[in-house]
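Student: The task is simple: from the sequences and hints, build the whole structure.
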Amino acid sequence: MQEKSLHYLFLYSRLPDYFFRCVQHLLKSSLANSEARIVCYPQDTNAPYRYEDVTGALRIVEKKDLATLNNWQPDLIYIAGWGDKEYNQIAAQWINRIPVIMGMDNPWKGSLKQRLAGLVAPIYLKNKATHLWVAGYPQYEYARRMGFPANRILHDLYCADMAKFRKTLPAFQRRIVFVGRMVEYKRPDWLLEAFTELFAKHPDLQDWELLMIGNGPLQQDLQNKYAGAKQVSFLSFVQPDELVRYYHQSSVFCMPSLFEHWGVVVQEAAAAELALLLSDTCGAASTFLINGHNGFVFDSGSKIDFTQKLYMLMKMEPVGLQQMGKRSAALSERITHDTWCGNLQSVLNGGK
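Sequential numbering from 48 applies to the sequence shown in this note's numbering.
These aren't lab readings, by the way, just hints derived from the structure by calculation.
Accuracy of the hints is not assured; some may be wrong.
Said to hold, decoys possible - Lysine-lysine pairs mimicking DSS-like chemistry, simulated, CA-CA at most 30 angstroms apart:
no. : residue 1 : residue 2
1   : LYS160    : LYS132
2   : LYS272    : LYS362
3   : LYS277    : LYS362
4   : LYS350    : LYS277
5   : LYS373    : LYS214
Tutor: Printed below as a string of structure tokens:
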């Protein structure tokens, strides 16, 4: 156990709500008078999160105001990746005095670029991080190849705000929901095409709905293209507190991404008791989806396989989908705020 209050410094890119909630919980689980500062970039206009409950112990500082923390003495630093030169410089100043943890959600693919990175990483990262914190199994292999021993690798980097998304009502509705930015690699067009095709071909699927939630460059074109499509609706970005009810009014969550390093929305949807349909590139599937148990994994390179798996879910009886949803909820508990805080604080509790 720590014998004094602690100062945590988080050097982030664009701050999502789920990470802010993790840090809030960290302060609740730390000794009295502990404090945290989150340095971050300006908000993404496609995800304008609101933080109305920022307290004196937890402050958000825009990166342009980083100098205001020059006299702040952290006991631990977390850096969201190695791409920011200014953050790397701060790490180099502190690395010989306190733990410096670097987040990593890049999965190991075995590419030439990654193999070369594995050769230079032990030299490049030795002055930037004492530990790597990986999202899951796909990232752990990469961390090992970057020269970090197992006892210097933390697990379960990302955690949804579980209490917010847990389902409390037994209502069931035949609705598929997509939540994410409307960008090409997330392939919202695949889901729209597959759903409208199945809806047109199969009269027994006419009670299904599709809800697309998110902002992005594809949003307007897709809305225009499917303006007349039956049972298809669109919503722009909604705050997490508002998003909950849309999850609870759905039965299937779909992420058809071409590639997805992780995907915290997967854990949110699982906690809300939704069956999952995820591509085989989705990192979060390694923790929250067992193929055929609480949903399906599809071949990210095959639109035919995607459409077939979507059809399998839409053909299921309500009791089957509800059973999958219950299993999703159980799997969503694999990572919680308590385990997230425990992983972070392990470097202060004798972890070396």
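Student: Please write out, lowest number first, the hints stated earlier that are contradicted by the structure.
Tutor: Of the numbered hints given earlier, the structure breaks none, since each of them holds.
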